[in-house]
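Chemist: With chain P fixed as given, assemble chain D onto it according to the hints.
2 protein chains.
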Amino acid sequence: MTALRLGIAGLGTVGAGVLRTLEQNSAMITARCGRAIQVVAVSARDKNKARNFDIKNLQWVDDPLALAGMPNVDVVVELMGGDSPARQLVETGLRNGKAVITANKALIAGHGMMLTQLAEAKQVVFAFEAAVVGGIPVIKTIREALAANKISEIQGILNGTCNYILTQMRLRQMSFQAALQEAQTRGYAEADPLFDINGTDAAHKLAILAALAFGTQLDLNAVSAEGISGITPDDIIFAEELGFRIKLLSVARHHEYGLEQRVSPCLIPLLSPLASVENEYNAIQIQGDAIGHLMLVGRGAGAEATASAVLADIMDIAAGRHALPFNVAVSALQKCLPPAAEKSRSSFYLRLVVSDQPGVVADIATILRDHKISIESLLQRGRAMAAGVPVVITTHETMASAMQQAAAKIVKLPVVLEPPCVLRIENN
Amino acid sequence: MTALRLGIAGLGTVGAGVLRTLEQNSAMITARCGRAIQVVAVSARDKNKARNFDIKNLQWVDDPLALAGMPNVDVVVELMGGDSPARQLVETGLRNGKAVITANKALIAGHGMMLTQLAEAKQVVFAFEAAVVGGIPVIKTIREALAANKISEIQGILNGTCNYILTQMRLRQMSFQAALQEAQTRGYAEADPLFDINGTDAAHKLAILAALAFGTQLDLNAVSAEGISGITPDDIIFAEELGFRIKLLSVARHHEYGLEQRVSPCLIPLLSPLASVENEYNAIQIQGDAIGHLMLVGRGAGAEATASAVLADIMDIAAGRHALPFNVAVSALQKCLPPAAEKSRSSFYLRLVVSDQPGVVADIATILRDHKISIESLLQRGRAMAAGVPVVITTHETMASAMQQAAAKIVKLPVVLEPPCVLRIENN
Chain P
13 MTALRLGIAG LGTVGAGVLR TLEQNSAMIT ARCGRAIQVV AVSARDKNKA RNFDIKNLQW
73 VDDPLALAGM PNVDVVVELM GGDSPARQLV ETGLRNGKAV ITANKALIAG HGMMLTQLAE
133 AKQVVFAFEA AVVGGIPVIK TIREALAANK ISEIQGILNG TCNYILTQMR LRQMSFQAAL
193 QEAQTRGYAE ADPLFDINGT DAAHKLAILA ALAFGTQLDL NAVSAEGISG ITPDDIIFAE
253 ELGFRIKLLS VARHHEYGLE QRVSPCLIPL LSPLASVENE YNAIQIQGDA IGHLMLVGRG
313 AGAEATASAV LADIMDIAAG RHALPFNVAV SALQKCLPPA AEKSRSSFYL RLVVSDQPGV
373 VADIATILRD HKISIESLLQ RGRAMAAGVP VVITTHETMA SAMQQAAAKI VKLPVVLEPP
433 CVLRIENN
Chain D
13 MTALRLGIAG LGTVGAGVLR TLEQNSAMIT ARCGRAIQVV AVSARDKNKA RNFDIKNLQW
73 VDDPLALAGM PNVDVVVELM GGDSPARQLV ETGLRNGKAV ITANKALIAG HGMMLTQLAE
133 AKQVVFAFEA AVVGGIPVIK TIREALAANK ISEIQGILNG TCNYILTQMR LRQMSFQAAL
193 QEAQTRGYAE ADPLFDINGT DAAHKLAILA ALAFGTQLDL NAVSAEGISG ITPDDIIFAE
253 ELGFRIKLLS VARHHEYGLE QRVSPCLIPL LSPLASVENE YNAIQIQGDA IGHLMLVGRG
313 AGAEATASAV LADIMDIAAG RHALPFNVAV SALQKCLPPA AEKSRSSFYL RLVVSDQPGV
373 VADIATILRD HKISIESLLQ RGRAMAAGVP VVITTHETMA SAMQQAAAKI VKLPVVLEPP
433 CVLRIENN
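Note that the protein sequences, when read in sequence, are chains P and D. All residue numbers for the first sequence refer to the numbering used here, where the first residue is 13 and numbers rise by one. All residue numbers for the second sequence refer to the numbering used here, where the first residue is 13 and numbers rise by one.
Fair warning: there could be bad hints in the mix.
[As the list claims (entries may be wrong)] In silico negatives: residues of chain D with every beta carbon more than 12 Å from chain P:
{"no.": "1", "residue": "Val30"}
{"no.": "2", "residue": "Val263"}
{"no.": "3", "residue": "Asp328"}
{"no.": "4", "residue": "Asn339"}
{"no.": "5", "residue": "Ser389"}
[Stated by the list, open to error] Distance condition first, Cα-Cα at most 20 Å in a straight line; then the derived SDA-like pairs of lysine to any residue:
{"no.": "6", "chain 1": "P", "residue 1": "Lys347", "chain 2": "D", "residue 2": "Met40"}
{"no.": "7", "chain 1": "P", "residue 1": "Lys134", "chain 2": "D", "residue 2": "Gly46"}
{"no.": "8", "chain 1": "D", "residue 1": "Lys134", "chain 2": "P", "residue 2": "Gly332"}
{"no.": "9", "chain 1": "P", "residue 1": "Lys134", "chain 2": "D", "residue 2": "Gly332"}
{"no.": "10", "chain 1": "P", "residue 1": "Lys162", "chain 2": "D", "residue 2": "Glu35"}
{"no.": "11", "chain 1": "D", "residue 1": "Lys134", "chain 2": "P", "residue 2": "Gly46"}
{"no.": "12", "chain 1": "P", "residue 1": "Lys162", "chain 2": "D", "residue 2": "Ala28"}
{"no.": "13", "chain 1": "P", "residue 1": "Lys162", "chain 2": "D", "residue 2": "Thr42"}
{"no.": "14", "chain 1": "D", "residue 1": "Lys162", "chain 2": "P", "residue 2": "Gln50"}
{"no.": "15", "chain 1": "D", "residue 1": "Lys162", "chain 2": "P", "residue 2": "Glu35"}
{"no.": "16", "chain 1": "D", "residue 1": "Lys162", "chain 2": "P", "residue 2": "Pro350"}
{"no.": "17", "chain 1": "D", "residue 1": "Lys162", "chain 2": "P", "residue 2": "Arg107"}
{"no.": "18", "chain 1": "P", "residue 1": "Lys162", "chain 2": "D", "residue 2": "Arg32"}
{"no.": "19", "chain 1": "P", "residue 1": "Lys162", "chain 2": "D", "residue 2": "Met40"}
{"no.": "20", "chain 1": "D", "residue 1": "Lys347", "chain 2": "P", "residue 2": "Glu35"}
{"no.": "21", "chain 1": "D", "residue 1": "Lys347", "chain 2": "P", "residue 2": "Ala39"}
{"no.": "22", "chain 1": "D", "residue 1": "Lys162", "chain 2": "P", "residue 2": "Arg47"}
{"no.": "23", "chain 1": "D", "residue 1": "Lys162", "chain 2": "P", "residue 2": "Lys162"}
{"no.": "24", "chain 1": "D", "residue 1": "Lys162", "chain 2": "P", "residue 2": "Ser38"}
{"no.": "25", "chain 1": "D", "residue 1": "Lys162", "chain 2": "P", "residue 2": "Met40"}
{"no.": "26", "chain 1": "D", "residue 1": "Lys347", "chain 2": "P", "residue 2": "Lys162"}
{"no.": "27", "chain 1": "D", "residue 1": "Lys134", "chain 2": "D", "residue 2": "Lys162"}
{"no.": "28", "chain 1": "P", "residue 1": "Lys162", "chain 2": "P", "residue 2": "Pro350"}
{"no.": "29", "chain 1": "P", "residue 1": "Lys162", "chain 2": "D", "residue 2": "Arg47"}
{"no.": "30", "chain 1": "P", "residue 1": "Lys162", "chain 2": "D", "residue 2": "Lys134"}
{"no.": "31", "chain 1": "D", "residue 1": "Lys162", "chain 2": "P", "residue 2": "Ala39"}
{"no.": "32", "chain 1": "D", "residue 1": "Lys162", "chain 2": "P", "residue 2": "Gly46"}
{"no.": "33", "chain 1": "P", "residue 1": "Lys134", "chain 2": "P", "residue 2": "Arg107"}
{"no.": "34", "chain 1": "D", "residue 1": "Lys162", "chain 2": "P", "residue 2": "Arg32"}
{"no.": "35", "chain 1": "P", "residue 1": "Lys162", "chain 2": "D", "residue 2": "Ala48"}
{"no.": "36", "chain 1": "P", "residue 1": "Lys162", "chain 2": "D", "residue 2": "Gly46"}
{"no.": "37", "chain 1": "D", "residue 1": "Lys162", "chain 2": "P", "residue 2": "Asn37"}
[Claimed, not checked] Partner residues are not named here, just some residues of chain P that face chain D (Cβ under 7 Å, in silico):
{"no.": "38", "residue": "Leu254"}
{"no.": "39", "residue": "Ile303"}
{"no.": "40", "residue": "Gly304"}
I should point out that these hints are in silico values taken from the structure, not numbers from a laboratory. For glycine and all other residues, C-beta sits at the position ideal for the given N, C-alpha and C.
This is chain P alone, in the form it adopts within the complex:
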């Protein structure tokens, strides 16, 4: 059988990983596909950049869009990231009837429906396993291995930067800022880490997984996202005392009244499987009606791990295995109904810093009672902190809206010295 010929745009971390792995494992890859996989052309920003692999035998094109038009390219592999020209390349590739592979989560989260419809119209493969948690094969697992399952819930640790920061804050009693710097030094965080730490990156991944798992239209606007910059080392210590660990949790949950899609720092039980997923590791726990719980844990980023996912998509093409990107045609996806905000329920963790004087707890408890919020536990710490003393409250399950309103009132109490930290407790 003839070789499958690739045109690769982008030779950064992931592109380099793909070229290295293809070269290192070429005999094995050929044997497993029944045909060779051959890179015929590459494009990147700077031809002359020092690279630790050889590109002199590959055709170089300055304009990545040219790859989409080359007759000897079967598969366009978009590894540039960003919006433009990545989007144009993917679109032109599909329009020209080429298979397209991408690792670009923002592109799929923003334009996945349109691009997938284009691929369907052209009857070409469009695949993006690497766009969601790098090496962990969650897309293939949901799409194929769990195809017979009605999925009711996905919970995941989908951002390695945040997980690394929260782990280091806990293990070394570091501040958020210090842990972030450490993550940057180690290459786990970008120079501009905003989209990682504010939950945007995880929201992109969650939106893609939710559309696939629940058969709903991908709708990034239906995902609420909250980051981890408000978490203090004290919160982490209090959570542990209460039997919980704080994780940036991505949750997509099917309710009768809509689809909940949420990225937020949460308290999860210390003994839950996700609690032991630490540092830069990612994990996804899927609940299906037949399979029960299935959890996948692995590296969500990094050159070789992400290359593993890109190459799996490519090898599926080489072996003739095709699947619709969202399991059914885009036209068959249901409208994504965001859940009615007034129906969202949870138990909560509430940490306040208050001035140390009599009656504070009574004031707070009164506000909670007025909002029909029932206290499960209350911890008041000694007088160690100069500026005030922390009070930590956990609640029984309550309306999220009631909790929001109560927090807004509590912050106005003169004895409350800082905005409260309000976190969901995910018990299941």
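Modeler: Here is chain D on its own, set in the frame of chain P:
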């Protein structure tokens, strides 16, 4: 597109799960496959057995082998288990050019090479995801998602019965026998649990995974298997004190000098991800050169979880996705070289029961020294046990053969009252 038509042999736990899930999720399954999946005929031991699902609209055949000859059956689904007539059914189905799906691990472990070659010759699909750890999609993951990876190691908790027993022994300080009875009461252990508790069941699964992952001929004789019946509640307590948990671990590891395939109770670090996989749950940790570590955790048995895997195989056929069962043709699999026994190294846990008199430790330490085994820690417990006192020793990494010889000498010391318990410590 026309429906994919199934003939199902075996309506026990798994068969019932397949029929129920197919019925419950039929609209979704049809949408995802682009065609209906239809059961046209079934066979089981007793037509009139009370069942909680309806078979009156299905054609009943008394002889399961007849399914392999029916012109309106596209896929033969073997869910009877056991050797005969399961083997004849699978073989006849393949010979007649039908796709065959089975959940029969003993059949694949024993005859997988022959049956796969037959499927290759007939160019039909032969798949058995459900044969290895039920619902967890480890075969698809290794075969497709990790296809670009050279795999160096698989470690797994592949038997839910043993994992349940060890968990309950720890949590409730039960004896092995009491925990086994509990497992039988709860349906986690067969009436005859021998193949579960002596490691045979896990060895079957490991042999299948190793062949797929390492591209070697499936060779059940190359797998060493040891069960858990020698583990006492004391061993579990000592292990925890030393920072370890005891698990029945299945390990397949690539060495320069051969392929290590071993099922045995091992001490693994309390903080290792596998240590937190408890009760009836199964897990597999795979190490690939590109992906690094990937772990899958889920239910390895049960009606619906196993049905999920059977149906995934069927839906792959319906959607036209094909893969070679062992990723390359059987003729391309390498001969499986068992590792030279004299090269196997490990650190060890050694628990003795000795009579409480001076000089005991010196006698034991001398034997270990004579075999060049270096002691890492030694715990000697008080005088609680009437019959003797336990001595627990952990060693630094040493030759497994040296440990065996030393243990054989130690057991002959007059002060040693019981055969020693010798367990590997898996630190990585």
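Chemist: None of the hints should be skipped; say for each whether it holds.
Modeler: Going through the hints against the structure:
{"no.": "1", "hint": "Val30", "in the structure": "9 Å, violated"}
{"no.": "2", "hint": "Val263", "in the structure": "18 Å, holds"}
{"no.": "3", "hint": "Asp328", "in the structure": "6 Å, violated"}
{"no.": "4", "hint": "Asn339", "in the structure": "5 Å, violated"}
{"no.": "5", "hint": "Ser389", "in the structure": "25 Å, holds"}
{"no.": "6", "hint": "Lys347(P) with Met40(D)", "in the structure": "16 Å, holds"}
{"no.": "7", "hint": "Lys134(P) with Gly46(D)", "in the structure": "17 Å, holds"}
{"no.": "8", "hint": "Lys134(D) with Gly332(P)", "in the structure": "19 Å, holds"}
{"no.": "9", "hint": "Lys134(P) with Gly332(D)", "in the structure": "18 Å, holds"}
{"no.": "10", "hint": "Lys162(P) with Glu35(D)", "in the structure": "12 Å, holds"}
{"no.": "11", "hint": "Lys134(D) with Gly46(P)", "in the structure": "17 Å, holds"}
{"no.": "12", "hint": "Lys162(P) with Ala28(D)", "in the structure": "18 Å, holds"}
{"no.": "13", "hint": "Lys162(P) with Thr42(D)", "in the structure": "13 Å, holds"}
{"no.": "14", "hint": "Lys162(D) with Gln50(P)", "in the structure": "19 Å, holds"}
{"no.": "15", "hint": "Lys162(D) with Glu35(P)", "in the structure": "12 Å, holds"}
{"no.": "16", "hint": "Lys162(D) with Pro350(P)", "in the structure": "43 Å, violated"}
{"no.": "17", "hint": "Lys162(D) with Arg107(P)", "in the structure": "35 Å, violated"}
{"no.": "18", "hint": "Lys162(P) with Arg32(D)", "in the structure": "13 Å, holds"}
{"no.": "19", "hint": "Lys162(P) with Met40(D)", "in the structure": "8 Å, holds"}
{"no.": "20", "hint": "Lys347(D) with Glu35(P)", "in the structure": "25 Å, violated"}
{"no.": "21", "hint": "Lys347(D) with Ala39(P)", "in the structure": "18 Å, holds"}
{"no.": "22", "hint": "Lys162(D) with Arg47(P)", "in the structure": "18 Å, holds"}
{"no.": "23", "hint": "Lys162(D) with Lys162(P)", "in the structure": "33 Å, violated"}
{"no.": "24", "hint": "Lys162(D) with Ser38(P)", "in the structure": "11 Å, holds"}
{"no.": "25", "hint": "Lys162(D) with Met40(P)", "in the structure": "8 Å, holds"}
{"no.": "26", "hint": "Lys347(D) with Lys162(P)", "in the structure": "42 Å, violated"}
{"no.": "27", "hint": "Lys134(D) with Lys162(D)", "in the structure": "29 Å, violated"}
{"no.": "28", "hint": "Lys162(P) with Pro350(P)", "in the structure": "19 Å, holds"}
{"no.": "29", "hint": "Lys162(P) with Arg47(D)", "in the structure": "18 Å, holds"}
{"no.": "30", "hint": "Lys162(P) with Lys134(D)", "in the structure": "34 Å, violated"}
{"no.": "31", "hint": "Lys162(D) with Ala39(P)", "in the structure": "11 Å, holds"}
{"no.": "32", "hint": "Lys162(D) with Gly46(P)", "in the structure": "17 Å, holds"}
{"no.": "33", "hint": "Lys134(P) with Arg107(P)", "in the structure": "7 Å, holds"}
{"no.": "34", "hint": "Lys162(D) with Arg32(P)", "in the structure": "13 Å, holds"}
{"no.": "35", "hint": "Lys162(P) with Ala48(D)", "in the structure": "17 Å, holds"}
{"no.": "36", "hint": "Lys162(P) with Gly46(D)", "in the structure": "17 Å, holds"}
{"no.": "37", "hint": "Lys162(D) with Asn37(P)", "in the structure": "7 Å, holds"}
{"no.": "38", "hint": "Leu254", "in the structure": "19 Å, violated"}
{"no.": "39", "hint": "Ile303", "in the structure": "4 Å, holds"}
{"no.": "40", "hint": "Gly304", "in the structure": "5 Å, holds"}
In the structure shown, a violation is registered for the earlier hints numbered 1, 3, 4, 16, 17, 20, 23, 26, 27, 30 and 38, in ascending order.
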